Amino acid sequence: MATSGASTESKSSPKKTSKEVIELTSATVRFAGDSGDGMQLAGMQLTNTSALVGNDVATFPDYPAEIRAPRGTKAGVSGFQIHFASTEIFTPGDKVDALVAMNPAALVTNLPDLVKGGVLIVDKNSFQPKDLKLAGLDSNPLEDGTVQGYQVHAVEITRLTRLAVDGLGLTQKEADRCRNFYAMGLVYWLYNRPLDATLRFIDEKFARRPAIAEANRRALLAGYNYGETTEAFLSHFRVGPAKLSPGTYRNIMGNQATAWGLMAGAYCCGKELFLGSYPITPASDILHELAKQKNFGVRTFQAEDEIAAVCSAIGASFAGAVAATSSSGPGIALKSEAIGLAVMIELPLVIVNNQRGGPSTGLPTKTEQADLFQVLFGRNGECPVPVVAPRSPADCFDTAIEAVRIAVQYMTPVFFLSDGYLANGSEPWRIPDIDSLPKFPVEHPGPAANGEPFHPYTRNERLARPWALPGTPGLMYRVGGLEKQDITGDVSYDPENHQKMVNLRARKVAGIAQDIPPQEVEGPESGPLLVVGWGGTFGAIETAVRDARKKGYEVAFAHLRYLNPFPSNLGDILQRYEKVLVPELNMGQLRYMLRSEYLVDAVGLNKVKGKPFASTEIEEKICEMLGK
Amino acid sequence: MSDNSALQVLKPSDFASDQDVRWCPGCGDYSILAQMKKVLASVGAPREKTVFVSGIGCSSRFPYYMNTYGMHTIHGRAPAIATGIKAVHPDLHVWVITGDGDGLSIGGNHLLHAIRRNVDINIVLFNNRIYGLTKGQYSPTSPLGKVTKSTPMGVIDNPLHPLSIAIGCEATFVARTIDVNIKHLGMVLRRALEHRGTSFIEVYQNCVVFNDGAFSYATDRETKAETTLELEHGKPLIFGKNRDKGIRLNGLDPEIVELGKGITEDDLLFHDEKAPEPSLAYLLSRMRYPEFPEPIGIFRAVEQPCYDELLNHQIDEARKQKGEGDLEKLFHSGDTWVVQ
Ligand code: SF4
Numbered sequence: 001m002a003t004s005g006a007s008t009e010s011k012s013s014p015k016k017t018s019k020e021v022i023e024l025t026s027a028t029v030r031f032a033g034d035s036g037d038g039m040q041l042a043g044m045q046l047t048n049t050s051a052l053v054g055n056d057v058a059t060f061p062d063y064p065a066e067i068r069a070p071r072g073t074k075a076g077v078s079g080f081q082i083h084f085a086s087t088e089i090f091t092p093g094d095k096v097d098a099l100v101a102m103n104p105a106a107l108v109t110n111l112p113d114l115v116k117g118g119v120l121i122v123d124k125n126s127f128q129p130k131d132l133k134l135a136g137l138d139s140n141p142l143e144d145g146t147v148q149g150y151q152v153h154a155v156e157i158t159r160l161t162r163l164a165v166d167g168l169g170l171t172q173k174e175a176d177r178c179r180n181f182y183a184m185g186l187v188y189w190l191y192n193r194p195l196d197a198t199l200r201f202i203d204e205k206f207a208r209r210p211a212i213a214e215a216n217r218r219a220l221l222a223g224y225n226y227g228e229t230t231e232a233f234l235s236h237f238r239v240g241p242a243k244l245s246p247g248t249y250r251n252i253m254g255n256q257a258t259a260w261g262l263m264a265g266a267y268c269c270g271k272e273l274f275l276g277s278y279p280i281t282p283a284s285d286i287l288h289e290l291a292k293q294k295n296f297g298v299r300t301f302q303a304e305d306e307i308a309a310v311c312s313a314i315g316a317s318f319a320g321a322v323a324a325t326s327s328s329g330p331g332i333a334l335k336s337e338a339i340g341l342a343v344m345i346e347l348p349l350v351i352v353n354n355q356r357g358g359p360s361t362g363l364p365t366k367t368e369q370a371d372l373f374q375v376l377f378g379r380n381g382e383c384p385v386p387v388v389a390p391r392s393p394a395d396c397f398d399t400a401i402e403a404v405r406i407a408v409q410y411m412t413p414v415f416f417l418s419d420g421y422l423a424n425g426s427e428p429w430r431i432p433d434i435d436s437l438p439k440f441p442v443e444h445p446g447p448a449a450n451g452e453p454f455h456p457y458t459r460n461e462r463l464a465r466p467w468a469l470p471g472t473p474g475l476m477y478r479v480g481g482l483e484k485q486d487i488t489g490d491v492s493y494d495p496e497n498h499q500k501m502v503n504l505r506a507r508k509v510a511g512i513a514q515d516i517p518p519q520e521v522e523g524p525e526s527g528p529l530l531v532v533g534w535g536g537t538f539g540a541i542e543t544a545v546r547d548a549r550k551k552g553y554e555v556a557f558a559h560l561r562y563l564n565p566f567p568s569n570l571g572d573i574l575q576r577y578e579k580v581l582v583p584e585l586n587m588g589q590l591r592y593m594l595r596s597e598y599l600v601d602a603v604g605l606n607k608v609k610g611k612p613f614a615s616t617e618i619e620e621k622i623c624e625m626l627g628k
Numbered sequence: 001m002s003d004n005s006a007l008q009v010l011k012p013s014d015f016a017s018d019q020d021v022r023w024c025p026g027c028g029d030y031s032i033l034a035q036m037k038k039v040l041a042s043v044g045a046p047r048e049k050t051v052f053v054s055g056i057g058c059s060s061r062f063p064y065y066m067n068t069y070g071m072h073t074i075h076g077r078a079p080a081i082a083t084g085i086k087a088v089h090p091d092l093h094v095w096v097i098t099g100d101g102d103g104l105s106i107g108g109n110h111l112l113h114a115i116r117r118n119v120d121i122n123i124v125l126f127n128n129r130i131y132g133l134t135k136g137q138y139s140p141t142s143p144l145g146k147v148t149k150s151t152p153m154g155v156i157d158n159p160l161h162p163l164s165i166a167i168g169c170e171a172t173f174v175a176r177t178i179d180v181n182i183k184h185l186g187m188v189l190r191r192a193l194e195h196r197g198t199s200f201i202e203v204y205q206n207c208v209v210f211n212d213g214a215f216s217y218a219t220d221r222e223t224k225a226e227t228t229l230e231l232e233h234g235k236p237l238i239f240g241k242n243r244d245k246g247i248r249l250n251g252l253d254p255e256i257v258e259l260g261k262g263i264t265e266d267d268l269l270f271h272d273e274k275a276p277e278p279s280l281a282y283l284l285s286r287m288r289y290p291e292f293p294e295p296i297g298i299f300r301a302v303e304q305p306c307y308d309e310l311l312n313h314q315i316d317e318a319r320k321q322k323g324e325g326d327l328e329k330l331f332h333s334g335d336t337w338v339v340q
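Chains as they are written, first to last, in our numbering: chain A, 1 to 628; chain B, 1 to 340.
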């Protein structure tokens, strides 16, 4: 077997199994249960462990919008899907190979995603008449034929967990809270995962509650041993390490990568970071993460509302910090006027939009890409704002640095347009060498003693104005939302000047195209079909394109990071293909942009179901367009 | 580097920018601008460390006229922007210039929160009880029944009282003054400047064009001694042309009493701007014309930690406890693995 490159030894894992081991290149597992059942935790643990054994991993948490939906109901079902593989993977998997369902509601809502013949583990004890009633079921799905055609393991998880923790003095409620560790143990056995990382996690997390720690430990081991010793499972699986490029890795979630990217961006220009934010799903974790980093000089401000959040960031930027605000579509709507102010007064600012289903409150916990028009156009007046979009959870790091770079070098607000799928998803991240990060030091004009008024609206070769900071003698200047006189920055109502300033602001943003890498294309340089994507759909498109090519289809793929301005070679690229396909989780917003900008007859593949694309959906469309 | 200039002797004119002041002739704003320059010059405030932030409205043009740093922002949001400035640059002197519409209507939320956080800023609310810039609609401080362009049959919504709101948010410095009472205005501005934490000042400001005479009861030579009451710390509440009337507490309510006839100064309410409880200050803020003389002066001035100071203290503490942040260390924290 390939030796794992993982540095972690499996010290505390139970002994080698005697049962048959089947080698797999990849597996997709989903934990599903009530939102109080600890499914997210189970998923995160399996993710971490899989990453540590050297798998490539991709995850997709799917949790309900209501924090406390009635227990046991379909509305309260929370899920966590993880795809781990010995090859490079880009998505959390279209279909599930093994499903853990902690109650009937979780079973019936998730079963359609389980492959035929897949492994189904259910907690048999939670299929009592009252549970069925809560799930709105007339009959027991374990008995009425619903689960026919799957490898069903109806395990008494509740009873066996209670037995395992017996004697520790736990209440029944506390004992039942260990069920997720039991289920985890079973899944760890099923996929030959070492237990030590999770045991370590238990030690740390419950350090102050030794009885709970011991209970979880016992539940985990009991689950593992159940697989090993009972006759129920005849074989289990192994997924070896993936050939990732050499380096030190960690698992990272999109929101964490975004937060760290903003910190790194501030580091790269030699400044401190300020985040003004108001809690909103799915962006709050950026605020949480940065609030912990005070020893980096990171100042976080939980504002009274979205408007104050962005305004505080504008104030911080005026005073000389690298400033950011983080939100989702509804919050961005509230920030629009202030973003216009930042455009007018030309101050650097990064605005994170983790998109979710809309309009209005929409689907807060579900992903979507329908805010592209919002960030491009959602302000009054001619108000261009650069837009960058990360493609994967780990890519949030690099893209956030790039957002900071553009903001400080061009003295402009910049949108970092991510989505809920990337924000909460995770994948292995090759930790960069700090010295390899780009450096873009900022220079502020120094004090002036000549008594002449300072002119804040002069421009450098990038058309950026000087970032003069309060506290600097001799540079006292006033800015504001009223139109500015070119060079002096005084208020001006002059018609010629307004035209000039509108043109200047547009040219400044358009000029960024000269300062970003040309668009790359993967696959043939010309040919019958180019797929164009942006943002979080990267993984699904990449998988689809690779699979289609394996079947002999000639298809190229360009994934855009820069949505405003577009890379300068994009027009040429689009002309080189007979057909252009644009898959998006909206009703065709990038397609609309490409059509209007480049007059190409781009075709859309569009879906807004609050779910990411399955790669097969895209692959089918590719095949259909190539007509074979 | 700015230490030298702090020692410079500045004249009020050094605080004037090169912009023409464009308020209507006779507007109360001129007087506030003049007093501001005078006070800043007199205390030797360093211009480069002074920032004026405003929202939208007539008063909000103020920053353009000051030769300091300045930001004329968007409607109602100045307190939030000022909070961001102070968070990252706590040694700047930040003034927020706002009005009754800007501060209490569209920006009410930010005003409340800046005050309750006790951000070290000075908020000057020019109250003219009307919308001037948009030419004469009623404002949240316009009295009931007032006929304006948008209320041809009279205002039917209850007005807000700026000081009651500030005190309700437990502002640490609360004062009221009047545009034409320039000595008093200067004194209040100076006290606000000296205060650490949010200073909230309401200035009765006459809009000559759309609400002329709204405060004539409080400014007319004939009536002002009867309609206003100047607060002084540690002194009894006395007013009237002959200083023969005072305010006494009757249970929880203030009442007007005449001195003499068995009532002495000792029976009156004594003003204590340092009272830790804001209840008496609130009671004063509810004394309104015509039932009562309206108090002017410092209602409340108490010391409490400021948000910007606490925030930066946490940064220092975190650095002390965890050491200066190291990205390399952060990225490698938790579980990692090596691929050869
Ligand atoms: S409209 Fe009223 S408040 Fe505005 S500048 Fe004129 S007088 Fe002053």
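Please note that a few of the clues may not be correct.
What the hints assert, rightly or not - Pulled from the structure, derived: some chain B residues nowhere near chain A, Cβ distances all over 12 Å:
id, residue
1, A41
2, L92
3, H110
4, G136
5, K149
6, I182
7, R190
8, L193
9, D212
10, R221
11, L249
12, E255
13, L268
14, K274
15, G297
16, N312
Claimed, not checked - Computed spacing ranges between beta-carbons, pair by pair:
id, chain 1, residue 1, chain 2, residue 2, range
17, B, G168, A, K292, 32 to 42 Å
18, A, H498, B, P143, 33 to 43 Å
19, B, S13, A, F377, 38 to 48 Å
20, B, G168, A, Q302, 19 to 29 Å
21, A, D203, B, L252, 54 to 64 Å
22, B, P143, A, Y493, 27 to 37 Å
23, B, Q137, A, H498, 23 to 33 Å
24, B, E226, A, F377, 56 to 66 Å
25, B, I156, A, D515, 51 to 61 Å
26, A, G136, B, P143, 28 to 38 Å
To be clear, the hints were calculated from the coordinates, so they are not data collected in a lab. Owing to the predicted nature of the structure, the values given are computational and were not obtained by experimental measurement. We treat Cβ as the ideally placed atom computed from N, Cα and C, and that holds for glycine.
Tell me, which hint numbers fail for this structure?
2, 3, 16 and 26
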